[in-house]
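Trainee: Here is how the chains run, residue by residue.
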Amino acid sequence: MSESGAIVTARGVVKTFEQGRVRAVDGVDLEVRSGEFVAIVGPSGCGKSTLLNLLGALDEPDDGTLLVGGHDLRSHRDLDHVRAIDVGLVFQLDNLLPTLSALENVEVPMVGVVRSARTRRERALELLGEVGMADRAGSRPPALSGGERQRVAIARALANEPSLLLADEPTGRLDSRTGARVLDLLDRIRSERGMTLVVVSHDPRVAARADRVVSMLDGRIVPT
Amino acid sequence: MSFVGLILKNLLRQGTRSVLTLLGISLGITTVVALGCVTAGMRSTAGSLATSGGADFMVAQEGASDLSFSRLPEGTVAEVAAVPGVRSAHGVVLHITQFGGNPYFFIMGRGREDITDNPLTLRAGRLPRSPEEGVFGTDAGVRVGQVVTIDRQRLRVVGIYEAASQWERAGAVVLLEVAQAMQRSPDTVTIVYVRVGPGADVEAVARRVDREVSGVVSIASAADYSKVDQGFAMLDAANLAISFLAVVIGGIGVMNTMVMSIFERTREIGVLRAVGWRRSRVLRMIVSESVFLCLGAGVLGAAMGAGIASLATRLPSVGGFLAPDYPARVFVQGFVVAIVVGLLGALYPAIRASRLTPMEALRHE
Chain A
1 MSESGAIVTA
11 RGVVKTFEQG
21 RVRAVDGVDL
31 EVRSGEFVAI
41 VGPSGCGKST
51 LLNLLGALDE
61 PDDGTLLVGG
71 HDLRSHRDLD
81 HVRAIDVGLV
91 FQLDNLLPTL
101 SALENVEVPM
111 VGVVRSARTR
121 RERALELLGE
131 VGMADRAGSR
141 PPALSGGERQ
151 RVAIARALAN
161 EPSLLLADEP
171 TGRLDSRTGA
181 RVLDLLDRIR
191 SERGMTLVVV
201 SHDPRVAARA
211 DRVVSMLDGR
221 IVPT
Chain B
1 MSFVGLILKN
11 LLRQGTRSVL
21 TLLGISLGIT
31 TVVALGCVTA
41 GMRSTAGSLA
51 TSGGADFMVA
61 QEGASDLSFS
71 RLPEGTVAEV
81 AAVPGVRSAH
91 GVVLHITQFG
101 GNPYFFIMGR
111 GREDITDNPL
121 TLRAGRLPRS
131 PEEGVFGTDA
141 GVRVGQVVTI
151 DRQRLRVVGI
161 YEAASQWERA
171 GAVVLLEVAQ
181 AMQRSPDTVT
191 IVYVRVGPGA
201 DVEAVARRVD
211 REVSGVVSIA
221 SAADYSKVDQ
231 GFAMLDAANL
241 AISFLAVVIG
251 GIGVMNTMVM
261 SIFERTREIG
271 VLRAVGWRRS
281 RVLRMIVSES
291 VFLCLGAGVL
301 GAAMGAGIAS
311 LATRLPSVGG
321 FLAPDYPARV
331 FVQGFVVAIV
341 VGLLGALYPA
351 IRASRLTPME
361 ALRHE
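Protein chains in written order, with the working numbering: chain A, 1 to 224; chain B, 1 to 365.
Hints are computed from structural coordinates only; laboratory data are not their basis.
Remember, predicted model here, so these are calculated numbers, not experimental data.
Some clues are possibly wrong.
[Claimed, not checked] If you want the ones that stay clear, here's a sample from chain B, every Cβ over 10 Å from chain A, calculated:
(1) Ser2
(2) Phe3
(3) Asn10
(4) Ile115
(5) Ile160
(6) Ser214
(7) Arg267
(8) Glu268
(9) Leu272
(10) Asp325
[Stated by the list, open to error] Distance windows between CB atoms, simulated:
(11) A/Gly70 x B/Phe263: 35 to 41 Å
(12) B/Arg363 x A/Asp175: 25 to 31 Å
(13) A/Phe17 x B/Asn256: 29 to 35 Å
(14) A/Ala117 x B/Ser280: 19 to 25 Å
(15) A/Thr65 x B/Gly15: 25 to 31 Å
(16) B/Phe263 x A/Val222: 37 to 43 Å
(17) B/Arg279 x A/Ala117: 19 to 25 Å
Where is the CB? At the ideal position from N, CA and C, for every residue including glycine.
Using the sequences and the accompanying hints, generate a full structural model.
Mentor: This is the structure:
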């Protein structure tokens, strides 16, 4: 975290594709303070998911400065560690491993981080309890509903107790009622754990709940 | 969930494919193990021949392409006996012929003095005293008092002896001149059995015999057989070639399976990378899956190989002279082949998968 209390600091961040012809993120400046709930909104193709992927260390910026949890992601040698420890990711598609149970899916990020298998299991059970899925711990993803899968995915994102939770359209594939519940859950976890939450969404309810809304258009942040 | 647990689940998710791959690899390992067990049995048989009847080593004709083709003049026996360190030397004729259902029936022709000095362990009857008499091994399928004809020689079975080696148990001992007549080589012997004096170094005496008696070579163990028999070298070469083929064919099979598996799981690998798994962990996971699969094939192949070797030596045409041997090194060789197949087969798909960035993998449909 920086001295200003920002967990995310982006200065002139650029991400291009197709040999630079497509500037998906085009000089973004952004600061997210610790404990803040920020919604990134904008039309499809505006670059919001690309920006989230950069914040989650899934991709590397081509230019600019990007600090996440005090790590400079352009020069950091171990982005795997950043993804494992500092950042929790929730995708639009739950991206759970279909052959593993809900419990095992939550354990996956802890493999290689938490040595004791027993501790991994206990912590995973605790997290499933926190998202209201303890009774479905032994179920595999195909046997779960969309909302249940997303709740397991949230538990998985919390496995290594990250300080920053990033969610890409977490309600995008859910009906409005289930989506609202998932949103409630994310907001509750953020406030209970004092985490920072950045959500990319088309859903106006997300923007309504967020502390701050960041709008993007053509790869840039525009005034709301 | 453990790392190993995840590996096993990944293998079991495409159970049929994994089982078929396992079977394919295990066939190669079966061949390696079966051939290894049979070769080891042959070596063991050869080793027992070199020191049969309590001899310390045997002497054969130098340059003979096969031990059964060795021919030494009977005078060689006295020459060997005169070498310092030699306590006794007895010329023996080894004759292989067909008898009953056994196409490799071993007949050993021994001198009267040799038979008296180094008597066989008899289970029934007595030792032969005349050319019309013979003693047979416990597995030769005859009984005392029976009269048999071998190579136009009528022999009365006067005794049944016990022996450690299969070829002796399924063979017969007759007087030297009878075996020479069967072989139509009077005044020659196949080999000379040598006993060294008390305290003498067997290897040193054997080397001295090689030096001082012209045209002979000493054989103290199966390892020395290459001096008179290229069969083992050929079998070793065949085993090596089969191992190599098993590695190549098995490796391609495993690679095919793993490439398909990784392709189908590209998005999942992206998820693993997204939650912080390092490239090295992904690589280890894929290599471990492949090695686990091949170790399973190794277990199956080892069991099938040992079973086939056992079955093969029960055939009448083989069992008469060969008992299978199951040395640990043969199974180690089978498992080494399995592990090499697993590593080679996994190398390309594992490197390919570990090189994917999380985003490349997550975008995969």
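Trainee: Quick one: work out the minimum CB distance from B/Leu272 to chain A and report holds if it exceeds 10 Å, violated otherwise.
Mentor: Given that some Cβ of chain A is not farther than 10 Å from that of B/Leu272, nearest at about 7 Å, it is violated.
Trainee: Using the C-beta atoms of B/Arg279 and A/Ala117, is the stated range 19 to 25 Å upheld?
Mentor: 23 Å, holds
Trainee: Hint says 25 to 31 Å; check whether the CB-CB distance for A/Thr65 and B/Gly15 agrees.
Mentor: 50 Å, violated
Trainee: Determine whether the non-interface label on B/Ser214 survives the test: each CB of chain A must be over 10 Å from its CB.
Mentor: Check passes; 72 Å lies beyond 10 Å.
Trainee: Is it the case that B/Phe3 keeps its Cβ farther than 10 Å from each residue Cβ in chain A?
Mentor: B/Phe3 is in fact no farther than 10 Å from some Cβ atom of chain A, at 6 Å.
Trainee: Mind checking the hinted window 25 to 31 Å against the Cβ distance between B/Arg363 and A/Asp175?
Mentor: Given range 25 to 31 Å: holds, Cβ gap about 26 Å.
Trainee: Kindly confirm whether 29 to 35 Å is satisfied by the beta carbon distance between A/Phe17 and B/Asn256.
Mentor: 33 Å, holds
Trainee: Per the stated criterion, does the least C-beta distance between B/Ile160 and chain A lie above 10 Å, as a non-interface residue requires?
Mentor: Check passes; 64 Å lies beyond 10 Å.
Trainee: Would you assess whether B/Ser2, listed as outside the interface, keeps its beta-carbon beyond 10 Å of every beta-carbon in chain A?
Mentor: 5 Å, violated
Trainee: Per the stated criterion, does the least C-beta distance between B/Asp325 and chain A lie above 10 Å, as a non-interface residue requires?
Mentor: Given that every Cβ of chain A is farther than 10 Å from that of B/Asp325, nearest at about 43 Å, it holds.
Trainee: Per the hint of 37 to 43 Å, is the separation of the Cβ atoms of B/Phe263 and A/Val222 within bounds?
Mentor: Between B/Phe263 and A/Val222, where Cβ atoms are some 41 Å apart, the hint holds.
Trainee: So does A/Ala117 sit 19 to 25 Å from B/Ser280, Cβ to Cβ?
Mentor: Holds - the Cβ-Cβ distance for A/Ala117 and B/Ser280, about 20 Å, lies within 19 to 25 Å.
In this structure, the earlier hints numbered 1, 2, 3, 7, 8, 9 and 15 are contradicted, and the remaining ones agree with it.
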